[in-house]
Amino acid sequence: METKKTSLYQLHQDCNAKFVEFAGYQMPIQYSEGIVEEHKFTRNHSGIFDVSHMGQLFIYGGEDLIKDLEKIFPLDLKNLKLNHSKYSFLMDKDAGIHDDLIITKTNEGFLIILNAACKDNDFKILKELLEEKYRMVLDENRSLIAIQGPKSSEILNDVINGVKDLNFMSGNWFTFENQKVYITRSGYTGEDGFEISIANDFVDKLTRELINKGSKLIGLGARDTLRLEAGLCLYGHDLDKDKTPVEANLKWAISKERISKGDFIGSDIIIKQLNDGVSKIRVGIKPEGRIIAREKTKIFNQSDDHIGEITSGTFGPSVNGPVAMGYVENEFSKKDTKVFLEVRGKKHPASICSLPFYKKSYVKGVN
Amino acid sequence: MSEVKYSKEHEWIKLDGDVATIGITKHATEMLGDIVFAELPEKGSSVEKDGTAGVVESTKAASDVYTPVSGEVVDTNQAIVDDPSKINQDPEDSAWFFKLKIKDPSEMDTLMNKDDYDKFAKETSA
Chain A
1 METKKTSLYQ LHQDCNAKFV EFAGYQMPIQ YSEGIVEEHK FTRNHSGIFD
51 VSHMGQLFIY GGEDLIKDLE KIFPLDLKNL KLNHSKYSFL MDKDAGIHDD
101 LIITKTNEGF LIILNAACKD NDFKILKELL EEKYRMVLDE NRSLIAIQGP
151 KSSEILNDVI NGVKDLNFMS GNWFTFENQK VYITRSGYTG EDGFEISIAN
201 DFVDKLTREL INKGSKLIGL GARDTLRLEA GLCLYGHDLD KDKTPVEANL
251 KWAISKERIS KGDFIGSDII IKQLNDGVSK IRVGIKPEGR IIAREKTKIF
301 NQSDDHIGEI TSGTFGPSVN GPVAMGYVEN EFSKKDTKVF LEVRGKKHPA
351 SICSLPFYKK SYVKGVN
Chain B
1001 MSEVKYSKEH EWIKLDGDVA TIGITKHATE MLGDIVFAEL PEKGSSVEKD
1051 GTAGVVESTK AASDVYTPVS GEVVDTNQAI VDDPSKINQD PEDSAWFFKL
1101 KIKDPSEMDT LMNKDDYDKF AKETSA
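Protein chains in written order, with our numbering: chain A, 1 to 367; chain B, 1001 to 1126.
Don't read these hints as lab results, they were simulated from the structure.
Yeah, the Cβ is synthetic: ideal placement off N, Cα and C, and Gly gets one too.
There could be a bad hint or two in this list.
[Claimed, not checked] With a straight-line cut-off of 27 Å between C-alpha atoms, the simulated DSS-like cross-links for lysine-lysine are:
1) A:K347 to B:K1043
2) A:K18 to B:K1014
3) B:K1099 to A:K241
4) A:K335 to A:K360
5) B:K1086 to A:K216
6) B:K1008 to A:K18
7) B:K1122 to A:K18
8) A:K346 to B:K1043
9) A:K216 to A:K280
10) B:K1060 to A:K40
11) B:K1060 to A:K347
12) B:K1119 to B:K1049
13) A:K81 to A:K40
14) A:K67 to A:K124
15) B:K1043 to B:K1119
16) A:K296 to A:K261
17) A:K133 to A:K261
[As the list claims (entries may be wrong)] Sample of chain A residues with no beta-carbon within 10 Å of chain B, all distances over it, derived:
18) Q30
19) F58
20) N200
21) K213
22) N249
[Stated by the list, open to error] Between beta-carbon pairs, the in silico distance windows are:
23) A:N212 to B:D1104: 56 to 64 Å
24) A:K4 to B:S1085: 31 to 39 Å
25) A:Q179 to B:D1050: 57 to 65 Å
26) A:K18 to B:D1018: 34 to 42 Å
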């Protein structure tokens, strides 16, 4: 299969991007300044991420759609306000995670943002579960960019007036060059920011305007270090079909209202795990010193028993040290528990820590 | 002091008497990106030509560092362990990795000179 290019490909080239293939797309891993500088620029100023490879699934419908989606997602969608977003997962009957996603209630139905590598399969699963009752569009004609970091609100508001009044995890339609753009205040970096869904033909112009106002393109490399410092999961690494939301320590994302009813896919297992506990759980892990423990690194306890594995690990530029997350047996998941990480045949000390590694407050409201 | 020689694994080596100073090339650092971790061989240990003699890691991945000649490690550069970003800043001078008392000077003859290395680096990265 031929690798796809996003509508910003030319701009990435103009900005000297190094490309990698990711989920069938040619995506920028970094630009000339490099991952560390890009990471810091996002934390201190504003960075733009091309995430057009991700799926933008529009499902059109009303009350019936809400009822049907509640059979799938562990969310109180009936009481979700118009233009508000929730983080959720597509699970199987064993509560294994097939994707993690953001779902937003729009005036015509719902917009679901899906991972690039999962989107086609998600579409198939959802179409089947919804019995083809609703119009579903996995929109290839729209691009998706994120603008993240403390200066982003000011910069984006200069180009698209009114976005600064959005609250965290809510969105709305705006216009740019007479085009309808859907903007949510959200992101994947631990910084204040926005995600912008815009027609392919206009994304280059918008992005260049944002760069002219002082923002910069940031590659997937820095996106990964930023999200890991923020303690956010990456599907295919920290989450997969063999892990449940309870094991992933994401029970905050499951509606309490819905658990009491227990009528969504995977609810039997979720309820059982919430009541009885889980044998493994996702934790933050801070290596001592500078050693970097990457994905698949084995974790041992003080008696040298193998108790888990790292699922994401890198160097965190803002933390200025190594950061990791992984799954350990539940009894070793308490904060400050000493563990050992096997890197290149040697065991290195580390401790269980709370997430995120790097904390900055999201904008909750402006009034 | 002899001319600087280069290996296909992107190390440089400079011989002074029977002690060689070894580091990684600027081209290597450009391919790796931001270096955030460095591990060096132990002082007093023996290393064999083309064997592993350290590790560098970027934010993306770990890469082995090889020694272009055999010998005994007589010194290591703690400064790059403490601040690995120095390797990106000055790879072919102050950010050297280790010094070897070399075993067999003829091993130097198997390595490339600067012109050949530059050509090699350009071809392999194209």
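Against the structure, the hints:
1. Taking the CA atoms of A:K347 and B:K1043, the gap is near 21 Å; set against the 27 Å cutoff, the hint holds.
2. With a CA separation close to 32 Å, the supplied pair A:K18 and B:K1014 exceeds the 27 Å bound.
3. Of the supplied pair hints, the one linking B:K1099 and A:K241 is violated, its CA atoms being roughly 49 Å apart against a limit of 27 Å.
4. Simply put, A:K335 and A:K360 have alpha-carbon atoms about 21 Å apart, close enough for the 27 Å limit, and the pair holds.
5. Between B:K1086 and A:K216 the CA atoms are separated by roughly 25 Å; this keeps the pair inside 27 Å, and the hint holds.
6. Taking the CA atoms of B:K1008 and A:K18, the gap is near 23 Å; set against the 27 Å cutoff, the hint holds.
7. At most 27 Å may separate the alpha-carbon atoms for a hinted pair to count; B:K1122 and A:K18 meet this at roughly 16 Å.
8. Note on A:K346 and B:K1043: the hinted pairing holds, with a Cα-Cα distance of about 18 Å set against a maximum of 27 Å.
9. Only pairs whose Cα atoms come within 27 Å are accepted, and A:K216 paired with A:K280 is rejected, the gap being roughly 40 Å.
10. For the given pair, B:K1060 sits about 16 Å from A:K40 by alpha-carbon distance, which is consistent with the 27 Å threshold.
11. Using a Cα cut-off of 27 Å, the hinted pair B:K1060 and A:K347 holds, with the two alpha carbons roughly 21 Å apart.
12. Restraint check for B:K1119 and B:K1049: the C-alpha separation of about 23 Å stays at or below 27 Å, so the hint holds.
13. Between A:K81 and A:K40 the CA atoms are separated by roughly 35 Å; this puts the pair beyond 27 Å, and the hint is violated.
14. In summary, the hint linking A:K67 to A:K124 is supported, as the alpha carbons are separated by about 19 Å, within the 27 Å threshold.
15. Between B:K1043 and B:K1119, the direct Cα distance comes to roughly 34 Å. Violation of the 27 Å bound is thereby established for this hinted pair.
16. Proximity of A:K296 to A:K261 is assessed by CA-CA distance (about 37 Å); at most 27 Å being required, the pair is judged violated.
17. Among the hinted pairs, A:K133 with A:K261 is consistent with the structure: their alpha-carbon atoms are about 24 Å apart, no more than 27 Å.
18. Listed as outside the interface, A:Q30 is inconsistent with that label: its C-beta sits roughly 6 Å from the nearest C-beta of chain B, within the 10 Å cut-off.
19. Distance check for A:F58 against chain B: the nearest CB is about 34 Å away, which clears 10 Å, and the non-interface claim stands.
20. With a minimum CB-CB distance of about 29 Å to chain B, A:N200 clears the 10 Å threshold, and the non-interface call stands.
21. A:K213, annotated as away from the interface, keeps every beta carbon of chain B farther than 10 Å; the closest lies near 26 Å.
22. Every CB of chain B is more than 10 Å from the CB of A:N249 (nearest about 25 Å), matching its label as outside the interface.
23. In this structure the hint that A:N212 and B:D1104 lie 56 to 64 Å apart at CB holds, the actual value being about 60 Å.
24. Between A:K4 and B:S1085 the CB atoms are about 35 Å apart, so this pair conforms to the stated range of 31 to 39 Å.
25. For A:Q179 and B:D1050, the hinted distance range of 57 to 65 Å is satisfied, since their beta carbons lie about 58 Å from each other.
26. At about 41 Å, the beta-carbon gap between A:K18 and B:D1018 stays in the expected band of 34 to 42 Å.
When the structure is compared with the earlier hints, violations turn up for hints 2, 3, 9, 13, 15, 16 and 18 and for no others.
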